[in-house]
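Visitor: For the sequence shown, the working numbering assigns the number 1 to the initial residue and increments by one for each residue that follows.
If you are wondering where the hints come from, they were derived from the structure by calculation, not from laboratory data. Treat each hint with caution, since some may be false.
What the hints assert, rightly or not - Cross-link-like lysine-lysine pairs, in silico, BS3-like; alpha carbons within 27 Å at most: (1) LYS66 <-> LYS76; (2) LYS43 <-> LYS81; (3) LYS81 <-> LYS66.
Everything numeric in this text was worked out from a predicted model, so none of it was measured.
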Amino acid sequence: MEQTRVAMLAIVVEDPAQVEQLNQILHQYRQYIIGRMGIPYEKRGISLISIALDAPTDIISAISGKIGMLDGMTAKAVYSKI
Numbered sequence: 001m002e003q004t005r006v007a008m009l010a011i012v013v014e015d016p017a018q019v020e021q022l023n024q025i026l027h028q029y030r031q032y033i034i035g036r037m038g039i040p041y042e043k044r045g046i047s048l049i050s051i052a053l054d055a056p057t058d059i060i061s062a063i064s065g066k067i068g069m070l071d072g073m074t075a076k077a078v079y080s081k082i
């Protein structure tokens, strides 16, 4: 079995038109998602999303990279030490 890591993926959504593509990416990797939380921040017109993952490092990087390539999206991963 491939070794996995626990990580949090922070996503800032500045363009709501890209949310459908974001959800397609997350659906594609759903088996690695522990949970997710989204917070709309109407004052700034953005949404903040956190995704808890348990996945191989290359999968976490792929998810972050695909999301980060969407216009109006920023994604960064923070890894646990375990």
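Visitor: What hint numbers does the structure not satisfy?
Guide: Number 2 - this is the single hint that the structure violates.
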